[in-house]
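K.L.:
Residue-level listing of the chains:
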Amino acid sequence: MAKGKKGSTGGDGASGDNVRLAEVGQSLFVKAVAVGVIALGISLFLGSTENDGWTRWSHSYLVAFVWVMTIGAGALWWITIQNIVNSHWSTVIRRVGELIATNAPVLALLSLPVVLPLILGKPIMYRWADSSLMTGDLAHKLGYLNTKFFSIRFVFYFGYWTWLSYYFLNKSLGQDKESKEAAAKTVVTMRRLAGPAMIVFALTITFCAIDLIMTLEPQWFSTMFGVYYFASCVLAINSSLALSLMWLQSKGRLSSSVTVHHFHDLGKMVFAFTIFWAYVGFSQFMLQWYANIPEETLWWKERFANGWGTLSWVLLFGHFVIPFFGLLSRWVKRSRKALAFWCIWQLVMIYLDMYWLVMPTLGTSDVPFKLVDLACWVGVLALFIAGIAYRAKNLDLLAKNDPRLPDSLALENL
Amino acid sequence: MSDEHKKSPAKPSEAPLHGLLAEYDTPPQLVQAAKKIRDAGFTKWDTYSPFAVHGIDDAMGIKMTVLPWFVLCAGLTGLATAITLQWWTNAVDYPWIISGKPMWSIPANVPIMFELTVLLSAITTLVGMLLLNNLPLPSHPLDQVRRFARVTDDKFFLMIQASDPKFDDVETRELLEATHPVAIEAVNEDHTTDDKLPSGLVYALIIVAVASIVPFALAAKARYTKSSSTRIHIIQDMDSQPKYKAQRENPFFADNRATRPAIDGTVAVGDARDDDHFYKGKVGNDWARTFPTEIALDEATMDRGRQRFGIYCTPCHGQVGQGDGMVAKRADQLAQGTWVPPSNITQENLRQMPVGELFNSITNGVRNMPAYGPQIKTEDRWAIIMYVRALQRSRSGSLNDLPPDARASLK
Amino acid sequence: MAISDVNPFEAPPVGDNMFARITDNVTRIAETPQPPRAWYIAFGVAQLLLLMFLSSLGYVIWNGIGAWGNMMPVAWGFPIVNFVFWIGIGHAGTLISAILFLFRQNWRTAINRFAEAMTIFAVVCAGIFPGMHIGRPWLPYYMFPIPNQMDMWPQFRSPLEWDVFAVSTYATVSILFWYMGMIPDFATFRDRATTTVRRVAYGIVAMGWRGSSRQWHVYERAYLILAALATPLVLSVHSVVSFDFATAQLPGWHTTIFPPYFVAGAIFGGFAMVVTLAVPARQFFGLKRIITIRHLELMNKVIMATGLLVGYAYGMEFFVAYYSGNKYEVFTFVNRAFGPYGWAYWTMISCNVLLPQLHWFPKFRTNPWCTLAIGLVVNVGMWFERFVIICTSLSRDFLPSSWGYFIPTPVDLATLGGSFGLFFTLFLLFCRYLPMVAMAEVKAFSPLGRAHGDHH
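Chains as they are written, first to last, in our numbering: chain Z, 1 to 414; chain L, 1001 to 1411; chain G, 2001 to 2456.
Keep in mind that a hint or two might mislead.
Beta-carbon label-pair distances, calculated as ranges [as the list claims (entries may be wrong)]:
hint : chain 1 : residue 1 : chain 2 : residue 2 : range
1    : Z       : Ser179    : G       : Thr2292   : 24 to 32 Å
2    : Z       : Pro196    : G       : Val2200   : 51 to 59 Å
3    : G       : Gly2131   : L       : Ile1232   : 22 to 30 Å
If you're looking for bench data, these hints aren't it; they were derived computationally from the structure. We put the CB at the ideal spot given by N, CA and C, even for glycine.
Only chain Z is shown next, with the shape it has when bound in the complex:
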């Protein structure tokens, strides 16, 4: 119930909106930590009952982790692009994006169950962690796929993401207290960095996705893979932003700053990137299907056999065809309930997509959905949210002093 601070210049959003989470944030943090710890605890217990040296659990965890990484990395991409194109419409929601992006250190911590065994040379999931398993055709890849190089890359990915996200957040927070002229200069400063920063980001997200997911099957390769993962990131962040903002407004924050017009725009992005994901996924599939080269088709064969084939069809219709028609109409994107439905739907579909990418490595003929998967998913998401809540609870949810804010507040979407 503490009201947001009134900015001395620029105003505090539309007519005195509450822009602080305060104790709502604290309670969210506590609940999220509790849920996260309990869920992960259950997953560890379930994983231990498999008696397979943690293989099953690791795969479950990896799916949950790369799913949550689409949101985290997606957020960093999102705030960078908003700066590059000098977007006015998104100013009112950009701080929320920054708060999600700065969860990068939490992401790094969450990645440890997957990454530590790799660095220690244990091939629980990644065959290449043990170089003696990489024989014949695979041997030459050891120049890239070795634990030393991987560790350096890993540190670089998450270090860079942490640095970049905090740069934007801190600059933005600093802008809240600046004078009008200084605030305008900050916009330019952020924009100047965003260009080169995006180039490096593109490379980090590409190689992170390759390292964590593509190398599960070291024989296979696809130049499109980074783009494929990126498409999911964009879809994830737009959906997550819409849902986060709806939740914030349900708690009485940003009530009149974020309007139906902003949600409409987020909905348009979800729609557009649903199509983009399908385009990228189809290109990747069709080209390797068409040329029919065994070292490429082996990956697809696994994913079309038996139960996996059913999941592939579910993805095609569930991740593309149905949401395409669902999000087509203007009314849907302007209706809170309908948009929330589709955002949640797409986030679930992204999870299924990650599941479909990772799990066939286990070698089962059927889709092995188990409670441990759900437990990992809930646990990782809860801890991710906990990280955001902890950081956000005492920060303003609105870039009050950004000179583009009035345009953003006045956004009209036809």
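Based on these hints, arrange chains L and G on the given structure of chain Z.
P.N.:
Chains L and G in isolation, oriented as in the chain Z frame:
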């Protein structure tokens, strides 16, 4: 814009009133005026501007157009058409295998599915827009108003039609004046220009319409009737060449045939083939038991025989002639029950067989073995037989048959 | 052709308000009795090139495809390189019209009209090449699913057939979008026409448009729908073109990133062509107040961004060639840089990756002549990119005994150079007779047009 056709032109002041037109300088003025007119409950009125004015839709109470629904239907039609087209043409009507792809290759059909969806949607969008907007609209009473020409330049207009139920000559004008226009003008119906198409144009269109059916009719006639005249062949390429083909007529010869039969009682030079021993493997009526004199029984011939045997005979008969060549092995694997195994040419009865009879088997084939005469020159066939004899000897001889220095290598 | 002391195009536009001035600035290009002298010079050069184009095409139709340098193993030579080059250029127009519209980038209104025109003319040039390269251009109906005397159908499983549909759809939709955008501007021309010929001609194509708001409502909706359709369409067209290569098994061709890589490259080259046209157009037609330095700068930024996407794709191809361990892939990439076509490769890298980086510096990207120079450089680079992909990969594939070096014939070069003649002829005629700037849109998004006054 249509032709002037003066029947009995009514004087402009006598033409009935079409509506009242108000002119404005800026978009906000237009929007304010529109709100007033909307609120006053008029239904037959419109505003005019050089560009789409922001906020005018709400100000006038214009409802959302149904165009998107037409487009959706068109898009789905395009999608269905594409799927059906590709399925029917490639998988039903004329299926043929291309690089192992399924007859109905759904992944390969997706690009065209997408393109046709977009194509039909886009055409419907434009045509639908024109139809819903009543375009083309060649004439309109407003064309008579001089100042209205600036609607496509920099001025904004509002017109209320006299046919609106709420229209009143005085009150409506007062209402308009209250919106502070630059000017108000009465617009009369257009009774001076003729709405009808000029008769010349009508006749021309009818003639063109009828004439345009002719090519299709001709094509249909050509497609479904037979004709004894040769087809019209525009791009000749090298299709008709000034030469005589076999089976054609040639009036130069008495029997009118282009193909000339062999002259009775003659043989081409070099074609006599009267050496039966060499060409048929026969001496008199019996199979020859010796090689013909044309064949030199030396190392070179043996080498040639070995090479030719390796090319032509080993696939079935195997490297040492035991009937275990690759083809035979594969046939055994397939075990289809129709295979007759190739002979082991080193067996006893073939060792006893005269060379002439062997020659005949190679030349004309025997049982399931095809004739190799057309493929293998006569000399080479004798060379192969020489090698076959060597193989047979190798399978039936003893160590003493070898020269002394070669014996050591086998011990 | 005497030019008066005051070049009518340089004079400030006439009118007592901004809308009238916009109208005057744009209509004077078509209404002034004579176009600027530069137009005549350009048109003359274009006619010479067009003549060269038509002669080389006629020569090939008469004598056969052997007049070109296509040989084994480089069976796809200049014609396909030129086809992909021209189709790519077309994409920028659609992006400006459609995608920038969906992103509410209102600066596009100054350039979208002639960019769309550029698209149409580029697609015309592009379409001629596959039509010619089939060898018997009098039998194009084989490519369409029309019942024919052989009772045969096209092979829908082939990317070449997908191309037929994609390019046809693209040409149609681009023309529809371009035409629809011009209807209000044709009405402007019609209402200002001083001769009957102009009035009737523009009147017919204007369809009787009078600016009714009820009509604007449907029109705006249609515009939005076409923009929303054109956006995935433009992505799909160059993706389908990339499928021509990526579906093959040839190293250097078969790689999954081709579709977005080609689309980014197309936009890259297309924007380069847009700025190549925009800089002289604004100079000689007096459009500096409408196509401002800010517009040039924004276009240069798009060029930078798409150039970096192309660079990313180059990088990914390299990495995966190494990672895959496929010795043919590895060889292909080494051969591209250091083999007999290395000169083409390094031209491509300098033009596409290195030189555009100059646009990081405001001094370069706000200078019209640097903009023009880099635009030309990028066009050259993008042509070479297609040449490297197509000819280098084909010239040295799996079997060394098949290797061969492709050399273009003079007919090849004449056809390439001549195609610019066709393009510029059409474009210059467009500049002179059609509304070169989207007046209605520029007015709508001008400060006066967006003013709300006393408002909701």
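K.L.:
A separate judgement is required for each hint: does it hold in the structure or not?
P.N.:
Outcome of the hint check:
1. Z/Ser179 x G/Thr2292: 24 to 32 Å: Given about 29 Å between the Cβ atoms, the range holds.
2. Z/Pro196 x G/Val2200: 51 to 59 Å: With Cβ atoms ~57 Å apart, the hint holds.
3. G/Gly2131 x L/Ile1232: 22 to 30 Å: Check passed, 23 Å falls within 22 to 30 Å.
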